[in-house]
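> Below are the chains, spelled out letter by letter.
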Amino acid sequence: MRRFADLHLNPCNPDEISSMLNFAHELGYRRVAVSSDKKGLLQAQSLCNKLGLDLVSRMDLKPASDKELTSLLTRFRRSAEIISIICETKPVLRQASKDHRVDLLNFSPMLKIRSQVFFDSQTAVLASESNCSYEINVSDILYNIDAQTARLLYIMRVELENAKKKNIPVILSSGAVSKLQIREPRGIASLAELIGATEEEALKMVSDNPNMLVDRNREKLSSSFVSPGVRVVKRHDSSPI
Amino acid sequence: MTLRRFKRRYLSFSIFSDGVFNEKEVQDAVMESILQLYGLKGLSLIAPTLIEFDEKDQRGIIRCNHSYLRLMRASLAYVTSIRGSGASIIVKKVSGTIKSLKS
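Chains as they are written, first to last, in the numbering used here: chain A, 1 to 241; chain B, 1 to 103.
Wrong hints could be hidden among the right ones.
[Stated by the list, open to error] DEER-style ranges, computed between Cβ atoms:
# : chain 1 : residue 1 : chain 2 : residue 2 : range
1 : B       : 93        : A       : 230       : 43 to 51 Å
2 : B       : 14        : A       : 37        : 27 to 35 Å
3 : B       : 2         : A       : 110       : 47 to 55 Å
4 : B       : 51        : A       : 64        : 51 to 59 Å
5 : A       : 110       : B       : 85        : 22 to 30 Å
6 : B       : 14        : A       : 42        : 27 to 35 Å
7 : A       : 110       : B       : 41        : 29 to 37 Å
8 : B       : 39        : A       : 158       : 19 to 27 Å
Source of the hints: derived by calculation from the structure; they are not laboratory data.
A virtual CB, placed ideally from N, CA and C, is assigned to each residue, including glycine.
Working from the sequences, and respecting the hints, build out all of it.
This is the structure in structure tokens:
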């Protein structure tokens, strides 16, 4: 049985958090990530414990330059399980895609920016070496039907092809700011049909791919982690017997 | 000449919104969503039919061509408003017969 995850709940105000988490649980999600302040995360954690939801801490960074990105990563890497970078300039995109501390590459829904800065083939090459994932927010395409959205869908289709060519994990999230923007996992997966994902690929994007990312990061953030594939199994007391 | 009958899928759904809607409004919203996403050809292939809609519980059953179930689901997920007020349509269960859907 699939374990569905939505790694991007982005409540517009703290009052929305409880209704969004209850709804996500009702729709069959087992793991959710919430972008919120400390107070909001504490509130979310207590509710998730009651509901049996696995809460993942997430931080969205929007640096203006590659230098700012590096300093933000040094400062915040260990304070969140998932670090997502919203790339709005080419230097930030290049730096984010080659930095192994970045988990998710996110892009602006604004067509003017997206047509310049998107998940191109060079980014895919860099991301494949640093284990970054590419995130698609369904909310970006949900609220407008016009020529611009059609163009955005075209760009997303190209991005998905680039990601597939280099085996970059793609993560499909709701990006919901309110309860009414959350959709059931299979509904979100069906929407991926619009950008050319097969049914199996789309289902992986809402289950296996996000779960793999979270599990990997939790292992990395644990005290027993040494390097990929190496972890402390047992600690011996240094004092002689 | 007889038309070959295609296999069908039945989807039970719930509407989440602050407003209350009637059958016609829900049907119009679904049709509009399909037309926006897949056009007239898509609508003819998906062949959606609203079988029933309970205005009290805001739940219903919709039928579609089984080969285009994914398109139907995407169209339902794409509904963001009905009669101007924010809404979402959530698919609860999918089945090949109405009987098993209701059981």
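> So which of the earlier hints does this model not fit?
Per hint list: zero violations.
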